[in-house]
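> The sequence shown maps to residues 1 to 568 in full-length UniProt numbering.
Take these hints with a grain of salt, some might be off.
Said to hold, decoys possible - Listed below are the simulated DMTMM-like cross-link pairs for lysine to aspartate or glutamate, each with C-alpha atoms no more than 25 Å apart in a straight line:
{"id": "1", "residue 1": "Lys454", "residue 2": "Asp501"}
{"id": "2", "residue 1": "Lys487", "residue 2": "Glu453"}
{"id": "3", "residue 1": "Lys474", "residue 2": "Glu453"}
{"id": "4", "residue 1": "Lys550", "residue 2": "Asp419"}
{"id": "5", "residue 1": "Lys508", "residue 2": "Glu463"}
{"id": "6", "residue 1": "Lys233", "residue 2": "Glu453"}
{"id": "7", "residue 1": "Lys545", "residue 2": "Asp501"}
{"id": "8", "residue 1": "Lys454", "residue 2": "Glu437"}
{"id": "9", "residue 1": "Lys314", "residue 2": "Asp419"}
{"id": "10", "residue 1": "Lys545", "residue 2": "Asp506"}
{"id": "11", "residue 1": "Lys233", "residue 2": "Glu93"}
{"id": "12", "residue 1": "Lys385", "residue 2": "Asp76"}
{"id": "13", "residue 1": "Lys161", "residue 2": "Asp507"}
{"id": "14", "residue 1": "Lys487", "residue 2": "Glu463"}
{"id": "15", "residue 1": "Lys545", "residue 2": "Asp503"}
{"id": "16", "residue 1": "Lys545", "residue 2": "Asp419"}
{"id": "17", "residue 1": "Lys545", "residue 2": "Glu453"}
{"id": "18", "residue 1": "Lys487", "residue 2": "Asp419"}
{"id": "19", "residue 1": "Lys474", "residue 2": "Glu264"}
{"id": "20", "residue 1": "Lys161", "residue 2": "Asp283"}
{"id": "21", "residue 1": "Lys314", "residue 2": "Glu264"}
No lab work stands behind these hints, which were simulated from the structure alone.
Computed from a predicted structure; not experimentally measured.
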Amino acid sequence: METLSPHNILVMLLSLGVLLAAARILGELAQRFRQPAVLGELLAGVLLGPTILGSLAPELNLFLFPLTGPNAIALDTIATLAIILFLMVAGIEVDLSTIWKQGNKGFKVGLTSIFLPFAMGFAFAWFFPGFMGKQAHASPLIFALFLAIGISISALPIIAKTLMDMDLYRSDLGMVVVSAAIFNDLVGWMIFAMILGLIGGNSTHGMPVIITIAMTLTFTAMMLTLGRQAIHKALPFVQAYTKWPGGELSFAIILALLGAALCEWIGIHAMFGAFLVGAALGDSAHLRERTRFTIDHFVSYIFAPVFFASIGLKVNFILNFDFKLVFTITGLAIICKVSSAFFGARWGKMPLREAWAVGFSMVSVGAMGIIVGLLAMDAGIIEEKLFVALVIMAMTTSMISGPMIRIILRYRQNLSVADMLASRYFIHRLEATSPREAIGEMLESPCRTMGLEKNLIEAAVWERELSLSTGIGKGLALPHARIEGLKQAVIVVGISKNGIDFDAPDDKLAHVIFLILTPLSDAGAQLAIASEIAGIFRNETMLEKSLHIKNFTDFMALLRTAPRGWSH
1 METLSPHNIL
11 VMLLSLGVLL
21 AAARILGELA
31 QRFRQPAVLG
41 ELLAGVLLGP
51 TILGSLAPEL
61 NLFLFPLTGP
71 NAIALDTIAT
81 LAIILFLMVA
91 GIEVDLSTIW
101 KQGNKGFKVG
111 LTSIFLPFAM
121 GFAFAWFFPG
131 FMGKQAHASP
141 LIFALFLAIG
151 ISISALPIIA
161 KTLMDMDLYR
171 SDLGMVVVSA
181 AIFNDLVGWM
191 IFAMILGLIG
201 GNSTHGMPVI
211 ITIAMTLTFT
221 AMMLTLGRQA
231 IHKALPFVQA
241 YTKWPGGELS
251 FAIILALLGA
261 ALCEWIGIHA
271 MFGAFLVGAA
281 LGDSAHLRER
291 TRFTIDHFVS
301 YIFAPVFFAS
311 IGLKVNFILN
321 FDFKLVFTIT
331 GLAIICKVSS
341 AFFGARWGKM
351 PLREAWAVGF
361 SMVSVGAMGI
371 IVGLLAMDAG
381 IIEEKLFVAL
391 VIMAMTTSMI
401 SGPMIRIILR
411 YRQNLSVADM
421 LASRYFIHRL
431 EATSPREAIG
441 EMLESPCRTM
451 GLEKNLIEAA
461 VWERELSLST
471 GIGKGLALPH
481 ARIEGLKQAV
491 IVVGISKNGI
501 DFDAPDDKLA
511 HVIFLILTPL
521 SDAGAQLAIA
531 SEIAGIFRNE
541 TMLEKSLHIK
551 NFTDFMALLR
561 TAPRGWSH
């Protein structure tokens, strides 16, 4: 049996250490500037690859990252494992129930955001293949399909992280965007898997293309139905008879590897199998939040940086930079993705300002677009200059998303949250021990003084809570609802000394609860109020100070002197 020589092992360990260190350092630096970590990780590969190190010290570059031989194979193997695990994590974030809970708004945005950019990307690639970077021997149809999916797919992890950073993830707008991104991700990867099947000759036993596509669709349907149910039933057994978290981690990774192997055997890329396994896993209520967190960090901080950094090792980004192509691809992606999601939001009767925010939320192509481009380049379908353009497009769309949402959602209110509070709507010590009890207790005063039907209002707030919990973390919860017939926004504040479980992403109990009621006709008010409150409580000392106040006057003083977040 052939093995790596001591020299091969030395080079492998040294190259992995250097690559991971550079990727993590630059990834952390990118996040300090509120940019996705993948931007810094990719830049690490560009610096260590032929673009920079290869030009300044070519011998050192080839020593660390040889193009052929055992070390090249070893790095490629690790990168393949990394992409499989990364797609498993992306799949875990696909909460299928969110699509159904959100209703037609998320579906309409998801539908338009995948198919309209797909159609435009296909048209450009079909009519201008030479300019767009098609390899001479590649099929025009396959090339057009690859470029179309590369432009239309969205980066769910980056979209979700952007919304979380701005405390919008659990808002009504966040729910629409996340459900649309989940739909986009699921449909996009299914289309992508079928495109891989159309290439032909990929399966380990040379099955016909039609059989490959049929098996792909069958496997997808089975994993999202019977497979999902089987995993849901198996998880309690794993939790009961194995040590946590090792048992759940092993269970998840074993399933991902088996699913990946099956898809590779079918004739599509192994990562699609890992993605479907992740989707089936993530949809189970038995998968603990801390297990999700552990899996995500294990992959995101070890494997994903190596994979994205290795992409920068593959091409010279300076020699293959084509300004016209980069400008065309980036402009096409931004215009198509923003306008299509905006159209879907307006189709779903969302207000103009929120529709634009949805459009820029869905613009991020991110890591998913890079993966599509990498596979197309490896398959000999696109030229290196188009791959470089796709990478730059993916990073640009991810970079502009957050800043544009911040600009769009600067809601011009005449009154601040502090101005909207009243002492009769302030509960210094909530007696409730559950979210439903807290909502009921907090509605007593406004319903009595304003003549509102408490049962109807409580049902509306609770229905919104069931669709996605409003605990945003750091001890804060923002239950809310838009009420028909309400003339102006009403805010009720409750302080819970013991805390109430609003199912926050950080698993912390909510001690400060703002119940927000806004008019049905004023769609922007709820989002603006929630954004201001989240900005105020971004400072973690606010929670501790809130728990020590003695009366409404103290709380008002605390709010008026608190530093504001990004939104105001």
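> So, for every hint listed, does it hold in this structure?
Against the structure, the hints:
1. Lys454 <-> Asp501: The hint holds at about 23 Å.
2. Lys487 <-> Glu453: The given pair, whose Cα atoms are some 15 Å apart, holds under the 25 Å limit.
3. Lys474 <-> Glu453: violated, 32 Å
4. Lys550 <-> Asp419: holds, 20 Å
5. Lys508 <-> Glu463: The given pair, whose Cα atoms are some 22 Å apart, holds under the 25 Å limit.
6. Lys233 <-> Glu453: violated, 42 Å
7. Lys545 <-> Asp501: holds, 20 Å
8. Lys454 <-> Glu437: holds, 13 Å
9. Lys314 <-> Asp419: violated, 57 Å
10. Lys545 <-> Asp506: Status holds; Cα separation ~20 Å.
11. Lys233 <-> Glu93: Holds, at roughly 19 Å.
12. Lys385 <-> Asp76: Between Lys385 and Asp76 the Cα gap is close to 21 Å, so the pair holds against 25 Å.
13. Lys161 <-> Asp507: Measuring from Cα to Cα gives roughly 17 Å; hence the hint holds.
14. Lys487 <-> Glu463: Between Lys487 and Glu463 the Cα gap is close to 21 Å, so the pair holds against 25 Å.
15. Lys545 <-> Asp503: holds, 22 Å
16. Lys545 <-> Asp419: holds, 20 Å
17. Lys545 <-> Glu453: violated, 34 Å
18. Lys487 <-> Asp419: holds, 16 Å
19. Lys474 <-> Glu264: At roughly 43 Å apart (the allowed maximum being 25 Å), Glu264 and Lys474 break the hint.
20. Lys161 <-> Asp283: Cα-Cα ~19 Å, so holds.
21. Lys314 <-> Glu264: This hinted pair holds, its Cα atoms lying about 23 Å apart.
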